[in-house]
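There are 2 protein chains.
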Amino acid sequence: MEKLKEYVSVKDEDHFYHQGAVELLIFNFLLILTILTIWLFKNHRFRFLHETGGAMLYGLVMGLIIRYVTKSPDVESGTVYECEKLKSGPSTLLINITNQVYEYQYKREISHHNVNGHQGNSMLQKQMTFDPSIFFNILLPPIIFHAGYSLKKRHFFRNLGSILTYAFLGTAISCIVIGLIMYGFVKAMVHIGQLKQWEFHFTDCLFFGSLMSATDPVTVLAIFHELNVDTDLYTLLFGESVLNDAVAIVLTHSISIYSPKENPNAFDAAAFFQSVGNFLGIFAGSFAMGSSYAVVTALLTKFTKLCEFPMLETGLFFLLSWSAFLSAEAAGLTGIVAVLFCGVTQAHYTYNNLSADSKMRTKQLFEFMNFLAENVIFCYMGLALFTFQNHIFNPLFIFGALVAVFVARASNIYPLSFLLNLGRKHKIPRTFQHMMMFSGLRGAIAFALAIRDTDSQPKQMMFSTALLVVFFTVWVCGGGTTPMLTWLQIRVGVDPDEDLKARAVSQSAPNLDKNTTKAESAWLFRIWYGFDHKYLKPLLTHAGPPLTSTLPEWCNPVARILTSPRAYGDQLKDGDTVYIINNDELTENYESSAHIAVPAQDSTASTQATGKEDIQEGDLGLGGYKLQLQPTAGQPQKNSLA
Amino acid sequence: MEKLKEYVSVKDEDHFYHQGAVELLIFNFLLILTILTIWLFKNHRFRFLHETGGAMLYGLVMGLIIRYVTKSPDVESGTVYECEKLKSGPSTLLINITNQVYEYQYKREISHHNVNGHQGNSMLQKQMTFDPSIFFNILLPPIIFHAGYSLKKRHFFRNLGSILTYAFLGTAISCIVIGLIMYGFVKAMVHIGQLKQWEFHFTDCLFFGSLMSATDPVTVLAIFHELNVDTDLYTLLFGESVLNDAVAIVLTHSISIYSPKENPNAFDAAAFFQSVGNFLGIFAGSFAMGSSYAVVTALLTKFTKLCEFPMLETGLFFLLSWSAFLSAEAAGLTGIVAVLFCGVTQAHYTYNNLSADSKMRTKQLFEFMNFLAENVIFCYMGLALFTFQNHIFNPLFIFGALVAVFVARASNIYPLSFLLNLGRKHKIPRTFQHMMMFSGLRGAIAFALAIRDTDSQPKQMMFSTALLVVFFTVWVCGGGTTPMLTWLQIRVGVDPDEDLKARAVSQSAPNLDKNTTKAESAWLFRIWYGFDHKYLKPLLTHAGPPLTSTLPEWCNPVARILTSPRAYGDQLKDGDTVYIINNDELTENYESSAHIAVPAQDSTASTQATGKEDIQEGDLGLGGYKLQLQPTAGQPQKNSLA
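Just so you know, the sequences run in chain order A and B. When you read off a place in the first sequence, starting at 1, and then add 989, the result is the number in our numbering. When you read off a place in the second sequence, starting at 1, and then add 989, the result is the number in our numbering.
So that you can see chain A by itself, here it is in the shape it has in the complex:
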């Protein structure tokens, strides 16, 4: 959106007039083609090329056309001018050209070796490469927010321990393994004279490792969703990919800040610990920023009657969620992480306060924005292969990267799965591990992180390589998902509700087929669930037990103000039984697995509660665009635990 049509006075219009419209039109055209292709594929149940793969393909073709077919109208580019008085690059440059003052805006610093003529219409090529900040401020936030907002909480929390392990430990392993392998390849390249030693430090390799560790199995997840693959596998993969993006982004940021004082290849303990501190600080800060915006939204929607005006409510929801991102960025934190946790918190609290209309509006709005943003990014990746002007393709480096990516994925999934299976009752089967290994696709985040900085030659080489890895994994791994599922004999066509109920029944039976590990259920989650149920839910939503009954006596005046009248209503209507059952179910889920041989609970009560919660989640669990319109008018407000 940056280089839109520039309205300059009529005389100068040759250069700029309508340029922006043409660019946007190209993107629109590519997206329209993509939509029609998706429809055709869906109509013929063709699953070897996902929409994102298609978008990339169309982008590629368009990039080819722009590069080799169009002619260059721009003769000026390539000439470097000197201004003696300038000592540094100001943000805005006023320049006197033949007695007219022109204003120029700072774009970027470029290496000398890039200042050459290029093939084809370099003007149009330049126009088509939009500012990396657009990825971070406009295109990524809706995708990440949507991931958080559409998270199936119950499935997610059931596997939280494993997901956190893959996301934090796994991403760290992946980053280090890729870094080490690439360092080996870089050494080899230096040895055969393809690279000069001083150009590529170990930190650069680690930087590359961290950005290549952001997986994006959107293709695989879409197919899983369509085929109703086993819920645990889906949740593990989805949860890992969502959190792993956040980890990879903060990791990349921390590594780029890491600056050892002396020898850049030597290990500097102080700088290392500062980087670790940075990582933790940025992550925690972004988490806090995201959640607080969601809490504000929840309070606003709870205590105003904004739900009478669904559009105002949707608008407020949208603006506050985006503000979470922008505030984090403005505060020097990571907006993507903030917006992810904002999404999760919004879904957990605010969603329950919204009017039926707003529930649907927000879901559809973010689903739509997610769809558009994702396809724009993949189209753009296709385009970038031919229109980006500073590619450096080094065969050895590319080969190294492909090897590194797969080795790193293997050293992430297999050892961690082995460790997790020691603790998990419901083991992660071998076939699931192979499937997760195979689903290590790279996508939007890796690309966005790589394009953020393409000023130096090593960074340009990283960018070109990352782009090719994305292409390879999306087309090869993405296209191979369905055959792989068949080959591994992973069950498809699972109804997640049925699955949960069956699990709940079997869970309360003595054989205890649980999938929560000891570590994740023992105390932390019991405390959290209790706190959430007793204090946060009643404070932030209309549901839960009244605060007057959960807070100490002396807080009563405040508690009375903060408790929604509806909370009392529920209490009266549903009676204490629901509360007790919910509480029991809680205990059953998160306590019993700690003491493995706990006596069986009332199985029907547990199933009932589980089923209840599941419906509420079903409301929000969208995923893909297969979601059909649900008549919402008659749907009762659910105020149970969840």
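Derived by calculation from the structure, the hints in this document are not laboratory data. A hint or two may mislead.
Which copy is meant is left open, so a pair is good if it fits within one copy or across any two.
To be verified - Derived pair list, reagent style SDA-like, types lysine to any residue, alpha-carbon separation capped at 20 Å:
{"hint": "1", "residue 1": "1294", "residue 2": "1028"}
{"hint": "2", "residue 1": "1291", "residue 2": "1029"}
{"hint": "3", "residue 1": "1031", "residue 2": "1296"}
{"hint": "4", "residue 1": "1176", "residue 2": "1520"}
{"hint": "5", "residue 1": "1294", "residue 2": "1269"}
{"hint": "6", "residue 1": "1291", "residue 2": "1083"}
{"hint": "7", "residue 1": "1291", "residue 2": "1030"}
{"hint": "8", "residue 1": "1291", "residue 2": "1032"}
Keep in mind the model is a prediction, meaning the values are calculated, not measured.
Dock chain B against chain A, hints included.
Structure of chain B alone, referenced to chain A:
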């Protein structure tokens, strides 16, 4: 969105880092405040300050803060550099500063007298003034499309003659009257030495007249909608304001192209007729471009089964509608006009092909975008008063503009209403004329046209003046709407459906209280309606009589392919009676008024058909955000005339 966060290398980040996030955050914050204020006002039924007025007020306060409270970190701005080798301003400037090459992008040409230091944080002020192209490419299209898409066709067509007269003839009158009055004031200013003769030509005055002729009574219409004011008054005002924007934009474009060869004040017949030709060409071309995109959308949604995937359908609808705008711009036409007629055509044809889910999604999406865009623009207007750096406030010019705007509105409404009443059976009462006179607010379009070019001093004076006129009319006229309605005793609380039915009944009674003028009903609309009903509707939608029955015999093979199977179904189901009634109603509506004393038709049949059509329109007639969610699942597809 233009100057988003700039990711420069870490060392340079002082200047740019997070700047974009801060700006966007300021806008988000203003919008959140506006939403909360709207809610408060709505909750307390307070109608003296509309949301747009509120948004402007908040923008104003924020502009004050930015100007007078923040400190300037930018010491560089204001210095003009010289580069001897440069002969013209290239789009991209590569510049060598202390052995580093920096890329700068062309922004604009600025007058020498503006190159001074400014008060406050001029950097932030500059950042907050975003590129005018953002108005035209991003913010205006959804507003205009929404206006076209939510047009109540039946009411609109009933008053089409009057609306076209006000929009075309009225806007031309307004433009010329403002131009003449301003030319008088300019002469006076030259006389007392405030202005130099050569700075301001008559064409500049006409240019100002054309941009000040774009009315934007969004405030008034919102109040009308809330109070259910008389439907005819609402339709006249809404229709006029929608079309008048299109006319004013094309008029401004034509005048800015008008370039008499010699004396710029003398009348040059050739140039004048070229301008008129330009006007007609651009208008017709844009109309054709907009309609063709809508026709393509209609055909795509009719002949594919895209409706099984509502999100894809919505996406396609959105992208094709936006493409109409972009294609028109790329072809040198007027995108706003194209997108307006695209909206009308989409509502008339495509809307009927959409799935129930997509119908709601598209309505809600455009409603939401319209809401956001409108409030962003009004916030921005408030901000611009203090952050725009080249204001020229001339009291005499401002006074002249206020006088001119009101005189021009009066010479538009009163004489034209008098002329129209000669032809109209259902006269426009005196009170309606006063109300229309009073509702001549200026808003987004006038502002956008004025900010498009602020390079020269006359243009800067026009911009500052236009801004003040917008403020004055929005706050004074907008705030006075409710008192004015009471004072003029205009009836409120009218149910549009009841109104229509009553009208239909009285229409078929012998006293013939019609409001279609002779001119508009006689032949043109009969032909158009017949053509639309017989050929376009069956071709582009699933409704209407099958093409096999309306096209000549020899077209049958093609007709069979193009006719929807559903069209035969209707024919069989509803039988010939419905068709005949519809046809009769048509004849009755558009023929009988030509022969004033036509015999009365079957009143029940007519009412029935009218009622039917009206429900279908009600689907789409949104207006404001009071629209409540309708359960759409059980709603039958209506395939009647409409």
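Taking the hints in turn, this is what the structure says about them:
Taking the shortest alpha-carbon separations for residue 1294 and residue 1028, only the inter-copy value of 8 Å comes in at or below 20 Å, while the best intra-copy value is 41 Å. In this assembly of identical chains, residue 1291 and residue 1029 lie within 20 Å of each other by CA distance solely across copies; the values are 15 Å between and 44 Å within a copy. Taking the closest pair of Cα atoms, residue 1031 and residue 1296 come within 20 Å of each other only across two copies (12 Å); inside a single copy the shortest separation is 37 Å, beyond that limit. In the homo-oligomer, the alpha carbons of residue 1176 and residue 1520 never lie at most 20 Å apart, since the shortest distance is 53 Å inside one protomer and 76 Å across protomers.
When the C-alpha separation of residue 1294 and residue 1269 is checked against a cutoff of 20 Å, the pair qualifies neither within a copy, at 39 Å, nor between copies, at 50 Å. In this assembly of identical chains, the alpha carbons of residue 1291 and residue 1083 never lie at most 20 Å apart, being 51 Å within a copy and 54 Å across copies at closest. Taking the shortest Cα distances, residue 1291 and residue 1030 sit within 20 Å of each other only across copies (18 Å), while inside one copy they are farther apart (43 Å). For the identical chains of this complex, residue 1291 and residue 1032 are inter-copy neighbours only, at 15 Å across copies versus 43 Å inside a copy, given an alpha-carbon limit of 20 Å.
Of the numbered hints listed earlier, those contradicted by the structure are 4, 5, 6.
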